[in-house]
Amino acid sequence: MRLVTLLLMASLAAPLPAVAAPQANPTAPAQAAPARAAPGPAPEPAPIEEPYPQFGLRLAVGAPDGAVLSFVYSPLYWFLLDAGFAYTLAPGFVLGVEFRPIDFFISPIIRGEYGYYFAGNTADQIKKWVGLPEASWPLIGDASYNWFSGLVGIALGSRRGFTATLEGGIGYLSLNVKGGSTTSGNATITVEPYKVAAFTPVARLSVLYFF
Amino acid sequence: MKRTPRVALVSLAASLSGCGAFYAEAEQPQACITVPPQTFTLPTGGLVVAPAGGFQGTFSGQVDLGINDALPDFLVNGSPDNHILRFLSMEASITSSSSAANFNWLEELSLTVTNGVTSDQLAYYGGGMTSGSRVLKIGPLNAANNLVTFLQNGNMVLHLEGSVAIPGGAQIPSSWTASVQGCFYAKVKKTFQEMVDGTK
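Listed in order, the protein sequences are those of chains D and Y. Counting from 1, position 18 in the first sequence corresponds to residue 1 in the working numbering; the numbering is continuous, with no gaps. So the number in the working numbering is just where the residue sits in the second sequence, counting from 1, plus 62.
Some clues are possibly wrong.
No farther apart than 30 Å at their CA atoms in a straight line, the calculated lysine-lysine pairs in the DSS-like style are these [stated by the list, open to error]:
| # | chain 1 | residue 1 | chain 2 | residue 2 |
| --- | --- | --- | --- | --- |
| 1 | D | Lys111 | Y | Lys252 |
| 2 | D | Lys178 | D | Lys111 |
| 3 | D | Lys110 | Y | Lys249 |
| 4 | Y | Lys199 | D | Lys161 |
| 5 | Y | Lys251 | D | Lys161 |
| 6 | Y | Lys251 | D | Lys178 |
| 7 | D | Lys111 | Y | Lys251 |
| 8 | D | Lys178 | Y | Lys199 |
| 9 | Y | Lys199 | Y | Lys252 |
| 10 | Y | Lys199 | D | Lys111 |
| 11 | D | Lys161 | Y | Lys252 |
Honestly, the hints are just simulated from the structure, not real lab data.
Can you make the complete structure from the sequences, with help from the hints?
Structure follows, in structure tokens:
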């Protein structure tokens, strides 16, 4: 008895075959279809897809980026532009262009970026890294650096909200050092501005929130 | 969808594992070392004034610019292909205390680099200075010279050799004193692998 009741309820809840398949009788006159559909329930309007958010805020750490807080603009769901304030050994900025071809929880990323860091404490660090004797430190003047890089990576999360990304790639870094003059022994040494370039691996970890 | 992340990961792995492909390169277009005034004795033969037919002689001397002490090891140690120290110029300026007031007496000058084992002529002056000039500047004979091999094999010394020609009746200076400046170009390239290993 209970089973019959359940079957009856299920059959009432199911859509009517006549409404779902009006082409069942191809020989029927064309004007018959509207007349038959008219008494049925009105079809639900197609859901309006909410547009992708276009603006976001990103926090990234990496090398040679350092720490970067950037604003993101995404005119298309798969295309992102960003510009941010950065700090490593000195303050600077990073500009990026990014492609996320797939809108899925896991998405590949292709990214290109340019960074520039003003003279800050970079020169002081170079003096220690190079291992120059203190007497030669005046030969290393203010140093700024910039780089270009290409990265690939993955993004985890929602394009409509929060994503975390991990990227790696290659970059070309150029360190521009002002010269200086010092006295070593009885000799005076003077150096002109010089350049240190590096073709280097780069890596980046970031979190991005679209709003 | 599966292929793209795989390509990305492979690219990432390849780039991170290729330490031999990554490098750093430093280039210094010009570094100059100026040493305190150096005095070079001229052979006068006991004469103060050149005889009627003129006076000729030769002289030699050494200049130690102290390059060995001034350069960090990473610039010197390694393959000469990736470690370059190029002589650009030498400038000698007659000081006010010099016995010779100018370079009028100088006929020829040759600058040779030596480390006691090998030597190479770096520069040559064969005349043509304006009369009364107090500054002599000579450039490299071979623009592609590399002094790193000299530095690697011992203390590098610059050797001067010259000849004197003084017209009859003119005073023969007993010596000349000049401050000497040597200018160099330097370039060094090291792969990340070399930096990690610390082998070169």
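**OP:** Determine which of the earlier numbered hints do not hold for this structure and return their numbers in increasing order.
**Re:** 9 and 10
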